[in-house]
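With chain W's structure known, arrange chain L on it following the hints.
Protein sequence lines, in the order shown, are assigned to chains W and L.
Using the numbering used here, the letters of the first sequence correspond one by one to residues 1 to 464.
Using the numbering used here, the letters of the second sequence correspond one by one to residues 1 to 464.
What the hints contain is simulated information worked out from the structure, not anything from laboratory work.
Mixed in with the good hints, there may be bad ones.
DSS-like cross-link-like pairs, simulated, lysine-lysine; straight-line CA separation at most 27 Å [as the list claims (entries may be wrong)]:
{"hint": "1", "chain 1": "W", "residue 1": "423", "chain 2": "L", "residue 2": "47"}
{"hint": "2", "chain 1": "W", "residue 1": "301", "chain 2": "L", "residue 2": "231"}
{"hint": "3", "chain 1": "L", "residue 1": "375", "chain 2": "L", "residue 2": "47"}
{"hint": "4", "chain 1": "W", "residue 1": "301", "chain 2": "W", "residue 2": "231"}
Just a sample of chain L residues kept apart from chain W, beta carbon distances all over 12 Å, derived [said to hold, decoys possible]:
{"hint": "5", "residue": "27"}
{"hint": "6", "residue": "164"}
{"hint": "7", "residue": "242"}
{"hint": "8", "residue": "251"}
{"hint": "9", "residue": "277"}
{"hint": "10", "residue": "372"}
{"hint": "11", "residue": "420"}
Some chain L residues close to chain W (C-beta under 10 Å, calculated; not the full set) [stated by the list, open to error]:
{"hint": "12", "residue": "71"}
{"hint": "13", "residue": "98"}
{"hint": "14", "residue": "389"}
{"hint": "15", "residue": "393"}
{"hint": "16", "residue": "397"}
For each residue, glycine too, the CB sits at the ideal point set by N, CA and C.
Protein chains: 2
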Amino acid sequence: MNFTIQNVLIAAVDGYNTVDVQVVNGIIAAIEPSLDVIGTAINGENKLLLPGFINAHTHSSEMWLRGAIPAFPLELWLAELYDFAPLDLEKVYLSALGTAVETFLSGGTSVVDHLGLIPGKELETIATAVSAYKEIGIRAFVAPLIQDESLSAGIPSGEIERTHLPYFRLTTATLELIEEAVRQFHRPEEGVSILVAPTGIQLCSDALFTGCIELSDRYNLCRHSHLLETKAQEKLAREKYGCSAVEHLQRIGYLSDRTSLAHCVWLTDADIDILAKTKSTVVHNPLSNLRLGSGIAPILKYRQAGVNVTFGCDGAASNDSQDLLEAIKIGSLLHNVTDVDYQHWITPRQAVEMASSGGAKGLNMAELGSLTVGKKADLVLYDLTSLSLLPRTDPIGLLILGRPTNVVNSVWVNGKQLVANGKVTTIDVDELRQQLFNHSQWDTHRKSQTVGEIEAHYRMVMGL
Amino acid sequence: MNFTIQNVLIAAVDGYNTVDVQVVNGIIAAIEPSLDVIGTAINGENKLLLPGFINAHTHSSEMWLRGAIPAFPLELWLAELYDFAPLDLEKVYLSALGTAVETFLSGGTSVVDHLGLIPGKELETIATAVSAYKEIGIRAFVAPLIQDESLSAGIPSGEIERTHLPYFRLTTATLELIEEAVRQFHRPEEGVSILVAPTGIQLCSDALFTGCIELSDRYNLCRHSHLLETKAQEKLAREKYGCSAVEHLQRIGYLSDRTSLAHCVWLTDADIDILAKTKSTVVHNPLSNLRLGSGIAPILKYRQAGVNVTFGCDGAASNDSQDLLEAIKIGSLLHNVTDVDYQHWITPRQAVEMASSGGAKGLNMAELGSLTVGKKADLVLYDLTSLSLLPRTDPIGLLILGRPTNVVNSVWVNGKQLVANGKVTTIDVDELRQQLFNHSQWDTHRKSQTVGEIEAHYRMVMGL
Numbered sequence: 001m002n003f004t005i006q007n008v009l010i011a012a013v014d015g016y017n018t019v020d021v022q023v024v025n026g027i028i029a030a031i032e033p034s035l036d037v038i039g040t041a042i043n044g045e046n047k048l049l050l051p052g053f054i055n056a057h058t059h060s061s062e063m064w065l066r067g068a069i070p071a072f073p074l075e076l077w078l079a080e081l082y083d084f085a086p087l088d089l090e091k092v093y094l095s096a097l098g099t100a101v102e103t104f105l106s107g108g109t110s111v112v113d114h115l116g117l118i119p120g121k122e123l124e125t126i127a128t129a130v131s132a133y134k135e136i137g138i139r140a141f142v143a144p145l146i147q148d149e150s151l152s153a154g155i156p157s158g159e160i161e162r163t164h165l166p167y168f169r170l171t172t173a174t175l176e177l178i179e180e181a182v183r184q185f186h187r188p189e190e191g192v193s194i195l196v197a198p199t200g201i202q203l204c205s206d207a208l209f210t211g212c213i214e215l216s217d218r219y220n221l222c223r224h225s226h227l228l229e230t231k232a233q234e235k236l237a238r239e240k241y242g243c244s245a246v247e248h249l250q251r252i253g254y255l256s257d258r259t260s261l262a263h264c265v266w267l268t269d270a271d272i273d274i275l276a277k278t279k280s281t282v283v284h285n286p287l288s289n290l291r292l293g294s295g296i297a298p299i300l301k302y303r304q305a306g307v308n309v310t311f312g313c314d315g316a317a318s319n320d321s322q323d324l325l326e327a328i329k330i331g332s333l334l335h336n337v338t339d340v341d342y343q344h345w346i347t348p349r350q351a352v353e354m355a356s357s358g359g360a361k362g363l364n365m366a367e368l369g370s371l372t373v374g375k376k377a378d379l380v381l382y383d384l385t386s387l388s389l390l391p392r393t394d395p396i397g398l399l400i401l402g403r404p405t406n407v408v409n410s411v412w413v414n415g416k417q418l419v420a421n422g423k424v425t426t427i428d429v430d431e432l433r434q435q436l437f438n439h440s441q442w443d444t445h446r447k448s449q450t451v452g453e454i455e456a457h458y459r460m461v462m463g464l
Numbered sequence: 001m002n003f004t005i006q007n008v009l010i011a012a013v014d015g016y017n018t019v020d021v022q023v024v025n026g027i028i029a030a031i032e033p034s035l036d037v038i039g040t041a042i043n044g045e046n047k048l049l050l051p052g053f054i055n056a057h058t059h060s061s062e063m064w065l066r067g068a069i070p071a072f073p074l075e076l077w078l079a080e081l082y083d084f085a086p087l088d089l090e091k092v093y094l095s096a097l098g099t100a101v102e103t104f105l106s107g108g109t110s111v112v113d114h115l116g117l118i119p120g121k122e123l124e125t126i127a128t129a130v131s132a133y134k135e136i137g138i139r140a141f142v143a144p145l146i147q148d149e150s151l152s153a154g155i156p157s158g159e160i161e162r163t164h165l166p167y168f169r170l171t172t173a174t175l176e177l178i179e180e181a182v183r184q185f186h187r188p189e190e191g192v193s194i195l196v197a198p199t200g201i202q203l204c205s206d207a208l209f210t211g212c213i214e215l216s217d218r219y220n221l222c223r224h225s226h227l228l229e230t231k232a233q234e235k236l237a238r239e240k241y242g243c244s245a246v247e248h249l250q251r252i253g254y255l256s257d258r259t260s261l262a263h264c265v266w267l268t269d270a271d272i273d274i275l276a277k278t279k280s281t282v283v284h285n286p287l288s289n290l291r292l293g294s295g296i297a298p299i300l301k302y303r304q305a306g307v308n309v310t311f312g313c314d315g316a317a318s319n320d321s322q323d324l325l326e327a328i329k330i331g332s333l334l335h336n337v338t339d340v341d342y343q344h345w346i347t348p349r350q351a352v353e354m355a356s357s358g359g360a361k362g363l364n365m366a367e368l369g370s371l372t373v374g375k376k377a378d379l380v381l382y383d384l385t386s387l388s389l390l391p392r393t394d395p396i397g398l399l400i401l402g403r404p405t406n407v408v409n410s411v412w413v414n415g416k417q418l419v420a421n422g423k424v425t426t427i428d429v430d431e432l433r434q435q436l437f438n439h440s441q442w443d444t445h446r447k448s449q450t451v452g453e454i455e456a457h458y459r460m461v462m463g464l
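Chain W on its own, in the form it takes in the complex:
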């Protein structure tokens, strides 16, 4: 599976170079003009080669609800999600494939799947997603989504005394489950890693967090959680801990250079300093944050404080696409309205770096994320003759600031080609499309019972 891409544009410090790129045994072996062809020759003319992006936060099975959930903030949206989440392994398999296809076709080579688990079939859910990802060939970071408190505990109480039903599974059982998943599926060298992934402070006890820290240390696993996605969660943290969520997570030792935190919308300057000090990574999910009205994460502040930031699509029930280029575009432009000094704005090249090496850093994968000799060949080749990238100006400007359509020519993960001439080669995408169609129906008359139960309390406590 060796190959040599000839005469391809790559980003240089200032502008672009036209080079050949040799890939040998899954590793970038040389980047120079006029190299000998090793393995297959790939025509790189009028194409741009970039390191693969990382979709650093999604929930693949939410694909079954995309386009479906009304205009709700997170807390009510979650109630809908719980009521209508897919409970069937076949659907988990299909949506994992669908997520991977959209990732490839928007420049991604890795996905962090904060995967909802079917109650009673938790290991099977993980096994199913892992098998889909291995089949299609994407580099997968499977982060089984766990919690040990019930949904209503995730909404602040305000002045009201409330009790919550206990969660259906004990904390210890959940930790055993994750340990078993690690034993069965954690194979980084084969492209599948398991992460510990307590959903967030809003639905997890300290016992669950510390159990996850222990597993993370013992098995060298990355850590992944939601963090302060909404104003309501900020209130809840104060009720629960008497301090900010970030201070609490630092105190219990959860934050580290292999901890990535999705959203991070409602952090104080002191919280930001803690993220910088602990070398934690922020995963910015701009479209989900807009869709759910969560707020605009202070991404320019993170960057100024030296916090590593990368991008995620978030699940398709809150975005509702899995297009990384869209998340990168909006996730960089959105912040121009938060700082009048344009010298602080994120440039297209910086956005590319955040989406590639920023993502790799957050997953503790120094061997990924840039076009450098010796790194793993997770690569994406873009066709710059696509109508959406014309006329010719600055290739990276066009790719990040435009709305590229049908632009991904080839994708390789670990040197293996998974997309060629714009088509996924490892699965039959037309068959997938047919299956997604067959397993669903036009449905617009659904009504969530749980939303009905919690909406009045939510509006009261949020002052609506």
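Then chain L, alone, in the frame of chain W:
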């Protein structure tokens, strides 16, 4: 050119209906289940039919600069634009075609082209764009971009005494030019309308505005301008008029039910009341407003005040795409972070209405903008089996909240089919692609002289 679309989904008050749609002589003749086939039968199964959207503000020739201009606010961005604007009619022709193609493939059937004019070849520029639009068949509202003050006058003076070079063309000559354009090209019944379109208060004298009002009244033309796109323009209006720009435009009689105003980011509540009272239309350009850091237009307030709002892409140098579905998605979701009460958020169905009938209203075209018997057949048929619209949930939710790719199956304007099976039928798009490629080059080492001249003053007066 009569046709009947069979078994197609259309939006009903609550949910969807499956119907047949007959189009006779360019008019929607019947919408009911099980109609007789008149003319060509079109298979509407698993497809959604919507009225065509209107791209209510763009500048087609900016396509030559897309992806190219650095992260600048409007005032510096404009300097780059002026330095590198295309000066050649062939390019005007190609970018008009390119803009129309992207409009069709993202659900649009009409475009408002606030068209930059090549100095000395003003009428030829208009003639060229008009001929491109007639060739491809899009419904075109050509709004020749005029001003009568020079660029530096568009930046507030602050405490500094400044003089500005006079504009190269006299106000009267500009008005004569527009009148000649109206005589030659204003043919609404053939799908081409000319608008009076002074660029905005920042670069236009009252004499230009009142001359445009007079032409608008005499020839029954719509009026189109930029309005308060940036904080700098708000400052400038206070310097220039001693009141808000909106108050001034009302006083001189520019605002009316056929006036559409692009951007409207920096309006006060009193200004919003004036827009409502005068029945003016706001054209929201969310992506450009983010890209240039202009701010978030208070769209939810406009809607609550009863102001008509529709969407524009803005020119491709400040977006940098001409995809209407992207503008509609971001233009509706963006405002969820501006109002904590989700009951005020724009729903996907409301967004569709804003983009279709809202656009028609702003152009004084009561015969457009909805699927209603008797209206003109400007229609778009979406293929709901596209991977990006699966699994099946709510078709309009998927279309507006997702990132649809390759979803437009057919487009008709005035009953004439312009896209069939996803391909434009009136021009050779591959040839267009080749021409766009040939007329451009990878270029990343440009330096704008004008930016150098005005940047220090801009930073000073904006307190940077």
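Hint by hint, here is what the structure shows:
no., hint, result
1, W/423 <-> L/47, "holds (24 Å)"
2, W/301 <-> L/231, "holds (22 Å)"
3, L/375 <-> L/47, "holds (21 Å)"
4, W/301 <-> W/231, "holds (18 Å)"
5, 27, "holds (29 Å)"
6, 164, "holds (24 Å)"
7, 242, "holds (24 Å)"
8, 251, "holds (30 Å)"
9, 277, "holds (28 Å)"
10, 372, "holds (21 Å)"
11, 420, "holds (18 Å)"
12, 71, "holds (4 Å)"
13, 98, "holds (7 Å)"
14, 389, "holds (8 Å)"
15, 393, "holds (4 Å)"
16, 397, "holds (3 Å)"
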